[in-house]
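Peer 1: Given next are the chains, with one letter for each unit.
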Amino acid sequence: MKKLTDIDWEIFEGLSLEEKKPYLERVDGDTMPYHTLFAQQFDRLILERLCALSNRIRFINKSKEGALYLKSVLSHKRAMLYFSQPSSRTFLSHLAACQLLGMTTGSVRDAATSSEFKGESREDSIRTFSSYFDMIIMRSPEQGLAEKMAWELSNSSRPVPILNAGSGKDQHPTQALLDIYTLVRSFENKGGLDGRTVVFCGDLLRGRTVRSLSYLLTNFSDVKQIFVAPKALRVPDDVIATLDAKGVSYEVSEDLKSAVKAADAVYMTRIQDEWDNSQGESAQIDTSRFKFGADELALLGPDGVIMHPLPRRDEIATCCDRDPRAMYWRQMRNGMWIRAALIASTFGLEKEIMNCGY
Amino acid sequence: MKKLTDIDWEIFEGLSLEEKKPYLERVDGDTMPYHTLFAQQFDRLILERLCALSNRIRFINKSKEGALYLKSVLSHKRAMLYFSQPSSRTFLSHLAACQLLGMTTGSVRDAATSSEFKGESREDSIRTFSSYFDMIIMRSPEQGLAEKMAWELSNSSRPVPILNAGSGKDQHPTQALLDIYTLVRSFENKGGLDGRTVVFCGDLLRGRTVRSLSYLLTNFSDVKQIFVAPKALRVPDDVIATLDAKGVSYEVSEDLKSAVKAADAVYMTRIQDEWDNSQGESAQIDTSRFKFGADELALLGPDGVIMHPLPRRDEIATCCDRDPRAMYWRQMRNGMWIRAALIASTFGLEKEIMNCGY
Amino acid sequence: MKKLTDIDWEIFEGLSLEEKKPYLERVDGDTMPYHTLFAQQFDRLILERLCALSNRIRFINKSKEGALYLKSVLSHKRAMLYFSQPSSRTFLSHLAACQLLGMTTGSVRDAATSSEFKGESREDSIRTFSSYFDMIIMRSPEQGLAEKMAWELSNSSRPVPILNAGSGKDQHPTQALLDIYTLVRSFENKGGLDGRTVVFCGDLLRGRTVRSLSYLLTNFSDVKQIFVAPKALRVPDDVIATLDAKGVSYEVSEDLKSAVKAADAVYMTRIQDEWDNSQGESAQIDTSRFKFGADELALLGPDGVIMHPLPRRDEIATCCDRDPRAMYWRQMRNGMWIRAALIASTFGLEKEIMNCGY
Numbered sequence: 000m001k002k003l004t005d006i007d008w009e010i011f012e013g014l015s016l017e018e019k020k021p022y023l024e025r026v027d028g029d030t031m032p033y034h035t036l037f038a039q040q041f042d043r044l045i046l047e048r049l050c051a052l053s054n055r056i057r058f059i060n061k062s063k064e065g066a067l068y069l070k071s072v073l074s075h076k077r078a079m080l081y082f083s084q085p086s087s088r089t090f091l092s093h094l095a096a097c098q099l100l101g102m103t104t105g106s107v108r109d110a111a112t113s114s115e116f117k118g119e120s121r122e123d124s125i126r127t128f129s130s131y132f133d134m135i136i137m138r139s140p141e142q143g144l145a146e147k148m149a150w151e152l153s154n155s156s157r158p159v160p161i162l163n164a165g166s167g168k169d170q171h172p173t174q175a176l177l178d179i180y181t182l183v184r185s186f187e188n189k190g191g192l193d194g195r196t197v198v199f200c201g202d203l204l205r206g207r208t209v210r211s212l213s214y215l216l217t218n219f220s221d222v223k224q225i226f227v228a229p230k231a232l233r234v235p236d237d238v239i240a241t242l243d244a245k246g247v248s249y250e251v252s253e254d255l256k257s258a259v260k261a262a263d264a265v266y267m268t269r270i271q272d273e274w275d276n277s278q279g280e281s282a283q284i285d286t287s288r289f290k291f292g293a294d295e296l297a298l299l300g301p302d303g304v305i306m307h308p309l310p311r312r313d314e315i316a317t318c319c320d321r322d323p324r325a326m327y328w329r330q331m332r333n334g335m336w337i338r339a340a341l342i343a344s345t346f347g348l349e350k351e352i353m354n355c356g357y
Numbered sequence: 000m001k002k003l004t005d006i007d008w009e010i011f012e013g014l015s016l017e018e019k020k021p022y023l024e025r026v027d028g029d030t031m032p033y034h035t036l037f038a039q040q041f042d043r044l045i046l047e048r049l050c051a052l053s054n055r056i057r058f059i060n061k062s063k064e065g066a067l068y069l070k071s072v073l074s075h076k077r078a079m080l081y082f083s084q085p086s087s088r089t090f091l092s093h094l095a096a097c098q099l100l101g102m103t104t105g106s107v108r109d110a111a112t113s114s115e116f117k118g119e120s121r122e123d124s125i126r127t128f129s130s131y132f133d134m135i136i137m138r139s140p141e142q143g144l145a146e147k148m149a150w151e152l153s154n155s156s157r158p159v160p161i162l163n164a165g166s167g168k169d170q171h172p173t174q175a176l177l178d179i180y181t182l183v184r185s186f187e188n189k190g191g192l193d194g195r196t197v198v199f200c201g202d203l204l205r206g207r208t209v210r211s212l213s214y215l216l217t218n219f220s221d222v223k224q225i226f227v228a229p230k231a232l233r234v235p236d237d238v239i240a241t242l243d244a245k246g247v248s249y250e251v252s253e254d255l256k257s258a259v260k261a262a263d264a265v266y267m268t269r270i271q272d273e274w275d276n277s278q279g280e281s282a283q284i285d286t287s288r289f290k291f292g293a294d295e296l297a298l299l300g301p302d303g304v305i306m307h308p309l310p311r312r313d314e315i316a317t318c319c320d321r322d323p324r325a326m327y328w329r330q331m332r333n334g335m336w337i338r339a340a341l342i343a344s345t346f347g348l349e350k351e352i353m354n355c356g357y
Numbered sequence: 000m001k002k003l004t005d006i007d008w009e010i011f012e013g014l015s016l017e018e019k020k021p022y023l024e025r026v027d028g029d030t031m032p033y034h035t036l037f038a039q040q041f042d043r044l045i046l047e048r049l050c051a052l053s054n055r056i057r058f059i060n061k062s063k064e065g066a067l068y069l070k071s072v073l074s075h076k077r078a079m080l081y082f083s084q085p086s087s088r089t090f091l092s093h094l095a096a097c098q099l100l101g102m103t104t105g106s107v108r109d110a111a112t113s114s115e116f117k118g119e120s121r122e123d124s125i126r127t128f129s130s131y132f133d134m135i136i137m138r139s140p141e142q143g144l145a146e147k148m149a150w151e152l153s154n155s156s157r158p159v160p161i162l163n164a165g166s167g168k169d170q171h172p173t174q175a176l177l178d179i180y181t182l183v184r185s186f187e188n189k190g191g192l193d194g195r196t197v198v199f200c201g202d203l204l205r206g207r208t209v210r211s212l213s214y215l216l217t218n219f220s221d222v223k224q225i226f227v228a229p230k231a232l233r234v235p236d237d238v239i240a241t242l243d244a245k246g247v248s249y250e251v252s253e254d255l256k257s258a259v260k261a262a263d264a265v266y267m268t269r270i271q272d273e274w275d276n277s278q279g280e281s282a283q284i285d286t287s288r289f290k291f292g293a294d295e296l297a298l299l300g301p302d303g304v305i306m307h308p309l310p311r312r313d314e315i316a317t318c319c320d321r322d323p324r325a326m327y328w329r330q331m332r333n334g335m336w337i338r339a340a341l342i343a344s345t346f347g348l349e350k351e352i353m354n355c356g357y
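Residue numbers (numbering that gives the first Met the number 0), protein chains in the order written: chain A, 0 to 357; chain B, 0 to 357; chain C, 0 to 357.
By construction, these hints were calculated from the structure, which means they are not laboratory data. Take these hints with a grain of salt, some might be off.
[Unchecked claim] Simulated pairs of lysine to aspartate or glutamate, DMTMM-like, Cα-Cα distance not exceeding 20 Å:
| no. | chain 1 | residue 1 | chain 2 | residue 2 |
| --- | --- | --- | --- | --- |
| 1 | C | K290 | A | E119 |
| 2 | C | K70 | A | D133 |
| 3 | A | K70 | C | E351 |
| 4 | A | K63 | B | D133 |
| 5 | C | K63 | A | E351 |
| 6 | A | K63 | B | E351 |
| 7 | B | K70 | C | D133 |
| 8 | B | K63 | C | E351 |
| 9 | A | K20 | A | E64 |
| 10 | C | K20 | C | D7 |
| 11 | A | K70 | B | D133 |
| 12 | C | K61 | A | D133 |
| 13 | C | K147 | B | D133 |
| 14 | A | K61 | B | D133 |
| 15 | B | K63 | C | D133 |
| 16 | B | K260 | B | E250 |
| 17 | B | K70 | A | E64 |
| 18 | A | K76 | A | E351 |
| 19 | A | K76 | C | D123 |
| 20 | B | K61 | B | E349 |
| 21 | B | K290 | C | E119 |
| 22 | B | K290 | C | D123 |
| 23 | C | K70 | B | D123 |
| 24 | B | K76 | A | E119 |
| 25 | C | K76 | B | E64 |
| 26 | A | K290 | B | E119 |
| 27 | C | K290 | A | D123 |
| 28 | A | K63 | B | E349 |
| 29 | C | K168 | C | D133 |
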């Protein structure tokens with residue numbers, strides 16, 4: 000078994016994600032993540048176990064007795080939410096997940112409060128949190144920080160788990176989880192996710208969401224991926240290369256309407272102009288044909304689903320909001336369930352919850 | 000029975016407050032509010048039920064066993080406090096009310112954190128909160144937003160209740176509730192609130208508190224209202240028109256001392272210069288005769304009470320703070336009790352708490 | 000017995016710390032603090048009782064059952080954390096201590112949120128908190144405010160305890176407590192703290208930490224104190240005068256290496272340049288010889304301990320972090336335990352916890 004206590008940081012840092020994966024697993028021999036850092040940690044078995052646990056938690060929570068049972072499972076633990084890059088949606092979803100399981104929480108969530116840490120290194124700050132809390136849920140603009148701290152803490156006297164709630168441009172593993180869970184739930188009584196066609200539309204170049212979800216979908220059989228974007232925001236080559244390597248079927252297109260006709264799921268995304276350079280190049284791009292409105296709704300099949308990681312601007316017209324196929328509200332709530340499942344699993348509670356009497 | 004699911008927003012929006020009231024009631028046939036949006040929802044019966052429930056909660060909370068019982072009643076629920084217009088006093092009072100009932104909470108309470116929502120509509124933000132929480136307590140500078148969201152959520156798959164903790168210049172219904180509760184408590188063993196004389200003093204033009212309380216007092220019999228203010232800050236005509244229409248006795252005056260002699264309760268308010276135009280017209284007004292100090296204290300009857308919604312500046316001299324008739328500190332704490340009562344009632348717990356064994 | 004209700008503020012204010020101490024004790028005759036305002040309240044007996052209670056709490060918390068018992072002892076109480084001077088470390092440590100004991104909390108912790116209180120006096124703000132919460136943990140740049148409020152609240156109808164979490168330049172009593180607790184723990188199975196040599200190094204002029212700890216160490220027998228600092232940041236005369244008056248052995252030096260050789264504990268501190276005048280005089284001082292690195296580590300005895308109140312800059316090299324004698328991480332966690340002990344004691348729970356079955 001591979002452990003972070005058996006490997007130097009300099010060596011660990013140089014490994015590929017696939018090689019890092021086993022070092023981040025639980026130390027009791029279960030392959031579920033202890034530190035959750037990147038989407039590539041989730042193989043199909045892990046995804047299925049987490050989806051099943053989410054379903055279970057969602058069911059248990061329907062009764063007051065069940066909800067109180069859930070609040071008891073981690074009522075002796077405390078979580079720290081360290082959001083040096085603010086995101087209220089992700090923050091609140093993780094907070095609610097902790098609360099579902101009875102964890103109390105502390106937080107640093109805005110620049111004003113965290114600026115005071117300036118005198119010290121982020122490593123020292125995070126070690127501070129590990130002194131007072133039993134889990135650290137962190138969001139940071141600094142790529143690799145979560146990984147460094149996972150290694151640091153595992154080699155300290157307080158080896159508390161790290162949950163990466165978004166780091167830099169690249170990883171946001173729990174967003175990918177909730178997207179998969181939403182797809183799995185949407186098709187669970189309709190033959191499952193295997194063999195479906197998923198359309199991605201919008202800014203496919205700069206959204207880490209699309210990158211992670213595209214990767215995770217390769218865990219399922221025969222899921223075709225269609226990428227619809229303006230030329231300037233086309234899906235990056237390395238995503239395509241991964242699909243090629245795995246022999247996954249895909250299309251690159253600029254025609255949303257045709258794609259919708261073929262789609263089981265349409266995943267819309269926002270133009271991420273926060274990554275623009277100073278010229279604001281996004282404003283130069285004609286995105287008018289990459290929006291989902293009444294026309295697209297009419298073309299979508301009766302079992303089709305519309306997803307969006309939110310926040311949205313005008314990529315999906317509000318006239319779609321009440322359609323039963325609009326899954327983006329439920330998608331958010333799924334984020335709470337799957338995060339609760341992930342946290343419960345991190346603390347080794349999967350079996351206990353699956354088998355509880357509620 | 001009238002339901003928000005049976006009426007279009009455009010039609011609902013155009014109704015008078017009186018016409019809107021029944022649409023905001025609980026859907027089980029009880030006339031208590033489900034969404035609490037404006038003071039005009041509270042008729043005398045509702046006020047009496049909420050005051051009785053507040054008294055009960057206050058009593059139960061005196062013992063540790065009772066406090067733990069209260070913490071159990073909503074321990075399976077989570078509340079979101081969304082304060083896009085900051086107010087620590089109102090925030091903390093609602094927070095404490097939630098905690099009394101065992102609810103866990105999430106919050107967005109300052110501009111820095113909430114600015115990040117800018118890309119999306121407020122409607123989408125609030126729907127986000129409804130995904131993770133079971134009640135939304137909101138304060139917003141935007142008039143009508145709470146109402147819109149009450150309609151939206153009632154027509155969604157997550158019809159969670161909205162509690163308006165202050166919107167724009169016009170409504171702050173729980174402040175009016177706590178004022179009434181303070182008056183009811185002050186006179187409950189002394190013959191009650193009917194037939195009393197209430198003096199309002201200060202900035203009667205721009206304080207929504209005075210407007211709401213004046214309205215709610217018309218639910219009681221023979222309560223005389225005396226409005227004492229500088230000419231430039233006089234009570235607005237529409238408040239007077241309401242009293243005229245209801246046949247309520249009132250006086251408009253500039254003589255605080257005479258009014259205090261006649262008063263059972265004196266409700267002092269702050270000059271609300273945050274609503275000044277750029278000339279800062281408040282500074283031009285002589286407010287020296289509209290302050291409560293040692294002289295006024297000497298004129299107040301032995302059973303009289305002094306109230307203030309706080310924060311105060313110098314409208315009440317600190318030499319009054321220790322007088323047993325100074326009710327403004329208790330008034331704050333009453334805010335916690337009546338908000339707990341309102342929240343418990345929103346979730347249909349009135350009977351259970353009234354009849355519990357504590 | 001001396002009570003704050005029996006003495007006027009003007010008289011109390013003029014007393015020496017020694018004279019003030021008895022007024023701040025519990026009113027049931029126990030000499031433990033009710034309001035905790037300054038380090039001089041802790042005599043040896045109180046220190047020993049708090050260290051013993053911390054040990055007990057730490058032990059009980061090891062099992063889930065124990066942790067849940069601890070969460071029950073104050074689950075009917077609510078604490079307000081009022082940090083008008085931000086400090087995330089101190090904030091989170093107090094928060095975690097409250098959570099350990101089951102208290103729910105409210106907070107005001109940054110300038111943005113608290114600025115809104117500007118219209119009102121701080122005294123009114125704190126009285127507001129006392130309306131909603133059962134304890135006020137406060138950090139303020141304003142010297143004496145905690146004391147004033149302890150007197151005010153004790154003379155009000157809501158006499159909730161005040162815990163000073165740092166005020167101005169002078170007092171930070173719980174930091175001194177956690178330092179003592181760390182020393183006591185470090186030597187508890189090695190003959191105890193009496194007779195030891197403690198080295199203070201760094202900015203001894205402006206750190207309130209050193210001042211308080213130096214004072215508290217005089218409660219123990221034959222503890223020698225060595226003060227190592229650049230001339231410009233030398234330990235102040237009044238600290239030395241106190242040691243002289245108590246007949247405590249000490250040295251003033253500029254030679255860290257020699258001091259380390261003699262040391263049982265080395266207490267490193269940061270240059271507190273936030274107190275610099277506009278010329279930034281700290282930058283002119285050569286501090287290179289006042290840092291703890293590999294060389295010093297080699298000179299420290301096998302039972303020696305290295306402490307630091309954190310945050311650190313480069314006073315301790317990171318190469319020391321993994322050494323078993325590096326006690327600064329544990330020191331932080333000790334802060335949580337001793338604060339929990341102090342809070343539990345404030346509410347009269349010392350005996351109950353010491354004698355519980357866990």
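Peer 1: Could you run down the list of hints and mark each one as holding or not?
Peer 2: Against the structure, the hints come out as follows:
In summary, the hint linking C:K290 to A:E119 is supported, as the alpha carbons are separated by about 16 Å, within the 20 Å threshold. Taking the CA atoms of C:K70 and A:D133, the gap is about 15 Å. The hint holds against a cut of 20 Å. This hinted pair does not check out: A:K70 and C:E351 have alpha carbons roughly 26 Å apart, beyond 20 Å. For the hint linking A:K63 to B:D133, the alpha-carbon distance of about 13 Å falls within 20 Å, and the restraint holds.
Of the pairs offered as hints, the one joining C:K63 and A:E351 holds, with about 15 Å between alpha carbons and a cut-off of 20 Å not exceeded. The hinted pair formed by A:K63 and B:E351 meets the criterion: a straight-line CA distance of about 15 Å does not exceed 20 Å. A distance of roughly 15 Å separates the Cα atoms of B:K70 and C:D133; the hinted pair therefore holds under the 20 Å criterion. Of the pairs offered as hints, the one joining B:K63 and C:E351 holds, with about 15 Å between alpha carbons and a cut-off of 20 Å not exceeded.
At roughly 37 Å between alpha-carbon atoms, A:K20 and A:E64 are farther apart than 20 Å, so this suggested pair is violated. The hinted pair formed by C:K20 and C:D7 meets the criterion: a straight-line CA distance of about 15 Å does not exceed 20 Å. Between A:K70 and B:D133, the direct Cα distance comes to roughly 15 Å. Compliance with the 20 Å bound is thereby established for this hinted pair. For the hint linking C:K61 to A:D133, the alpha-carbon distance of about 12 Å falls within 20 Å, and the restraint holds.
The straight-line distance between the Cα atoms of C:K147 and B:D133 is roughly 41 Å, outside the 20 Å bound, and the hint therefore fails. Taken as a hint, the A:K61 and B:D133 pair is honoured in the structure, with Cα atoms around 12 Å apart against an allowance of 20 Å. With a C-alpha separation of about 13 Å, the suggested pair B:K63 and C:D133 falls inside the 20 Å cut-off, and the hint holds. Straight-line distance between C-alpha atoms of B:K260 and B:E250 comes to about 14 Å, which keeps the hinted pair within the 20 Å bound.
Between B:K70 and A:E64 the alpha-carbon distance is near 15 Å, which keeps this suggested pair within the 20 Å criterion. With a C-alpha separation of about 16 Å, the suggested pair A:K76 and A:E351 falls inside the 20 Å cut-off, and the hint holds. With a C-alpha separation of about 36 Å, the suggested pair A:K76 and C:D123 falls outside the 20 Å cut-off, and the hint is violated. As the CA atoms of B:K61 and B:E349 are separated by approximately 18 Å, the hinted pair is consistent with the 20 Å bound.
Only pairs whose Cα atoms come within 20 Å are accepted, and B:K290 paired with C:E119 is accepted, the gap being roughly 16 Å. For the hint linking B:K290 to C:D123, the alpha-carbon distance of about 17 Å falls within 20 Å, and the restraint holds. For the hint linking C:K70 to B:D123, the alpha-carbon distance of about 37 Å lies beyond 20 Å, and the restraint is violated. At roughly 38 Å between alpha-carbon atoms, B:K76 and A:E119 are farther apart than 20 Å, so this suggested pair is violated.
Of the supplied pair hints, the one linking C:K76 and B:E64 holds, its CA atoms being roughly 12 Å apart against a limit of 20 Å. Annotation: proposed proximity of A:K290 to B:E119 holds, straight-line Cα distance about 16 Å (limit 20 Å). Taken as a hint, the C:K290 and A:D123 pair is honoured in the structure, with Cα atoms around 17 Å apart against an allowance of 20 Å. With a CA separation close to 17 Å, the supplied pair A:K63 and B:E349 stays within the 20 Å bound.
With a C-alpha separation of about 27 Å, the suggested pairing of C:K168 with C:D133 is violated against the 20 Å cut-off.
Violated hints, in rising order: 3, 9, 13, 19, 23, 24 and 29; the structure is consistent with all others.
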